Each structure stands twice: as structure tokens, then as C-alpha cells.
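Listed below, chain by chain, are the residues.
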Amino acid sequence: MNTSEKRELRRFAAEIRIALLEELKARGFGHVGGSLSICDLLAVLYGKVMNYRVEDPKWADRDKLVCSKGHAGPAIYATLALKGFFPMEQLKTLNRPGTNLPSHCDKNKTVGIDCTTGSLGQGTSQAVGMALGDKLKGRQNRVFLIVGDGEIDEGQCWEAAMFTAAKNLTNLVWIIDDNKKQLDGPTADILPTFDLRAKMEAFGFDAVRVKGNDVEALYEALEKKPEGKPVAIIMDNVKGSGVKAVEETASNHSMNVAPEVWDSYIAAVKADLEALEKEVAEA
Amino acid sequence: MKLNYTGSPDPRTFKDFFGTEIPRMLDADPNLIYLDADLMSCIGTAKYGKAHPDRAINCGIAEGNMAGIAAGLAAAGFTPICHTFGPFASRRCFDQVFMSAGYAHNDITMIGTDPGVTAAMNGGTHMPFEDVAMYRALPGATIVDPADTAQLYSIFADLVKRPGVKYLRANRKSNDRVYEDGNTFEIGKGVVLREGPDATIIAAGYMVGKAMKAAELLAEKGIQVSVIDMFTIKPLDAELVAAYAKKTGAVVTAENHNRIGGLYSAVAECLAATCPVPAGCVAVEDEFGEVGPVDYLAERFGLTPEHIVAEVEKTIARK
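Protein sequence lines correspond, in order, to chains S and Y. The numbering used here puts the first residue of the first sequence at 6, with every later residue one more than the last. The numbering used here puts the first residue of the second sequence at 273, with every later residue one more than the last.
Since the hints were made in silico from the structure, they are not lab data. Please note that a few of the clues may not be correct.
For lysine-lysine, the following DSS-like pairs were computed, each having C-alpha atoms within a straight-line distance of at most 30 Å [to be verified]:
#1 S/Lys172 x Y/Lys287
#2 S/Lys172 x Y/Lys433
#3 S/Lys229 x S/Lys63
#4 Y/Lys433 x S/Lys140
#5 Y/Lys506 x S/Lys234
#6 S/Lys142 x Y/Lys518
#7 Y/Lys506 x S/Lys114
#8 Y/Lys322 x S/Lys172
#9 Y/Lys506 x S/Lys140
#10 Y/Lys506 x S/Lys172
#11 Y/Lys319 x S/Lys140
#12 S/Lys142 x Y/Lys433
#13 Y/Lys274 x S/Lys142
#14 Y/Lys433 x S/Lys234
Just so you know, these numbers come straight off a predicted model, no measurement behind them.
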């Protein structure tokens, strides 16, 4: 990946963060921590890796995203709106009565959402079924599955992981967002994950660990050709990543803060974006 | 409707049906796919599964994962049929069936074998008396409890094609034969098996043959009852229930299930809203199961023709 492509993805990640924070500000509260921590990943997936058609969101041969940690829906909605799946104004309807943008992902409500998730663990098996189905239908696409490091407390994730490797579903890419926190506190205190890479390898995956905010490393991991085993990417991450004040908030799973606080978060990302633009101009 | 009730079991077991029909349907329809949780051998599909591992997917002993995979396969354009024993097809994977299939509108069929006392020698751990109650609470679900194998032959393909979540509870062995081959059934429509003015017995599954026997025993006592096979527990044929409540003035349900949440509850809800008449039930009295031969368990949990006779007499007395 050249410098310009890398900057473009970083810029897209910042745009997703701004749209996400505006979306949450419009409602006043929401799942900010786990949404922020997948913004760089979403920028790489929707900016460079995934094949999809905005004008034909249900195209059968598209690459599909299953965000099993369904509470990160607001980050995906921001990404989809920026890509033109629906108008940006719709983001302001998040969690309003009758909205098409519910707290957790719902494929029957939101254009561009590929899988209904929210009851943690359940996206994993659905992603397996989707990848198996696509493979049996002879499609050449891939399914990308995002799982939370807290979410893997759910035993269903490990049933699905076992099946993925057993059936060698190399068209399914597991991405674990190891952001070190779950709702009640640090994952290390609630239910430690131990060595996730070793765990996934023991389950039959080719596992890599990359920085969750490194778009180039994420891109390389996502584009790595499977060598006889499905790929698992463990994102070494920070919950609330990209907004220092949120990163430093102990309990940031869901936050309810005043509009001016949301504005301060948005201003911080905008400052990063401006610095990036400056970098581009100087280059 | 041509009946063939003699009090004897259907010579073809439900396992015979599953073992021949599921492979036949899979061969005929490439969009159909079958999943099991390490119980293919129990319904006669193991040989097919070994020969066609991409058409009959063995998910191992992981029922929640199986339900989720089925939902994902539905999203990818397949029509999935899943099987495991009744307790695992309901309790063990209910959240996955509810959310990943039902809520997400990924249509699947779940077969739960050996409902209620037919779990017999597997005992209380394997004896679902609550599966119907759970699936009734799933919006849009269809629940079928077939009277005999002949009936299952006629309805299975329609059931699999229906939208939503479909739950089929069927014994692996035979129920008492009730029907001649070749009848046509409509899912959601009960079948009147016998006409009589004094009361109506509404039965499902294993209890339909018992209800026919009870009607004979009652006739010997001069009591003429109607018998309805309510093989579709949801959606309930409310029109038929109300019509026979009005016509006979007393209703007794008979089911191989807890009295809470099953056929009795469904019929009682319907009667309360349409035609309140005295209603009794023959069902399990809110107990856990236990091990033993089916005949012992039927007696133990009060599911015999004699129990139906007593309940009908008691209910008629309340008219």
C-alpha cells in the first residue's frame, strides 16, 4: 500500500468517526467505545477490501460483513451512509421511534447491513452459515466477521470457530476486536481471554495479531491469501480508539454526555483530520 | 378424509419417513439443505449424510451453532431443515432459533424428535414437555405435531416451504395409525375425525390415537363425542375450535406436553375469546419427565384413553 492510499484510508476512518460521533450526539447517548474501536477496520473494509454495490446492496456475490458485536452498529451505519447506502441525514434517527437504525444491527431494517446481530455470540454461527452457503453456491466472495473480546465469553463463538476450521471455510475471515474492555470493566478482570492468537491457532486458524488502528497492517492481514486454513485477525485495540477522552473514560461501553462533550470529541477527530490534510498538502 | 384407525401403530415409523424423505427431497431440490447435531443415525439419515456431506451437514453436538448456521444458510439462499432431539431442538438452542432465525427473518425448519413421553428410555433429561410452550411464544412460528406417519408424508414438504420458523415434533417410532394414505391436509386447519354432540376432544400428535380410543370407550357408555386432530398447534384453527365449542358445549384437550403453554393453553385462549364453554385437559401436570417404557410413562403422567374418558365426563358435568 502506498502512502497516498494509506492516508486515504486514515482520512476515511476519521470521517467515519466524525459521522459516528455526530450520530450519537443527535441521540445524546450510545455505544461509543466499541463503535470507535472498529472505525479503522471499517475504513479498510469498505474503503479498499470489500466488493459491494451501493446501487444493489443485496447483490448475492458481494462480500458480506457480520458484526457479531452488534452494538457497534452505529459505526457501520456511519460508514454505510458515507458510502451512499442511505442519506447522511438518516444517521440522526439512530434509536428514535420507528427508525431504520436500531442500536444493534438489523438486516431487515438497514440498507447495507448483511446480518442481524446483538445477542452476543450469535453472529458467529450466522457468519459461518453465510460463508458455507456462499461456498456451496459457488460464489467467489468472502464473509468478514467481527467478534468482540468480551463477546467471546459466549461459548457459541467457540462452537462456530471449531466448525469454521473443521469445514475449512477460508472464505470466512474472523476478526476479534481485542479492545480490552467489556461492559462491566476490563476484560482481564471479568473473564480474561489469555492468548487469543494461540487460542485461535489451537482451534485450527492461521492467526495474526495487528494493531487495531494501523490501516496498512489491517489491509495486509485482510488481503492475506489463506494457506490451507481460515484466517483469524486479532486486533490489538483500545476501546474508544481515536478519541483520547473516550479512551481514557473507564466506563465507555455506552456513554451519555452533554452535546458540548460530544462536540469536544468531534473537534478532536477534526483536528486529527486537519493534521492529516496538512500532511497530504506538504507531501 | 379417509381414516384408517384400528388402534394399531402405523407400520411405517417416523424414522422411516425421515430416513427416506429427507434424502429424496435433498436430491430433488438443490436449495434444500439438512443439518443435524450428531443424531443422523437416530433418524436414518447417516448413510446419506456420509455420502453427501455438503447436502447433509453434521454440526456435531452444538445445537445453538447448528441453528445459527441454518439461519446463515437461509440468508445465503438455502431452505434449511435441522434435526435434533426435542429438548435440544427447543431449550438448548431456543435463543438462536428465536433471534438468528425468527427475529432476523431467516426461515428454518427445526425437527425435534421424541417429544414428551416418547423420549421413554432416554428419561427425564431428554423428555420435553415444554417445547410447544416455547415455540408458541416465538412470533410467526408454525408448530406441527403429526398424528401419524401417513399424515406426515402429506404435510412435510408444505411445512418446509412455509415462511418463518417451523417446529415439527415427532416420535421416532410410530404413533397409532389414524389416516389412510393419500389424504390432503392444510397446515393450520384441524381435522374432524369423529362427530358427536356431547363434547369435543381436541388432540395432537401421540394423543390423537388415544382420543379415538377414548371416543369408542365413551360411546360404549352412551356418550357421543367429536374428535378433532389439531396437528397444527400454531397457528391454531380458532374457527374450528369455536364452532365445535358452540356445537358440543364442552371441550377437552389431549396433549403429550405440560398443560402450561401447549394445546390446552392455545384452545383455552381461543375459547375465552370466542365461545367460553367448560374446558378440561389431559396433559402433564407441570412435572419433569422420568425414565421408562412409553406405556408406563403414559399411565404415570395421565395420558391414556381412560384419562381422557374421565376428563370428558368431568367436563360434561360442568356444562
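Against the structure, the hints come out as follows:
no.	hint	result
1	S/Lys172 x Y/Lys287	holds (28 Å)
2	S/Lys172 x Y/Lys433	holds (27 Å)
3	S/Lys229 x S/Lys63	holds (26 Å)
4	Y/Lys433 x S/Lys140	holds (23 Å)
5	Y/Lys506 x S/Lys234	violated (44 Å)
6	S/Lys142 x Y/Lys518	violated (53 Å)
7	Y/Lys506 x S/Lys114	holds (27 Å)
8	Y/Lys322 x S/Lys172	holds (14 Å)
9	Y/Lys506 x S/Lys140	violated (35 Å)
10	Y/Lys506 x S/Lys172	violated (36 Å)
11	Y/Lys319 x S/Lys140	holds (23 Å)
12	S/Lys142 x Y/Lys433	holds (20 Å)
13	Y/Lys274 x S/Lys142	violated (43 Å)
14	Y/Lys433 x S/Lys234	violated (35 Å)
Of the numbered hints listed earlier, those contradicted by the structure are 5, 6, 9, 10, 13, 14.
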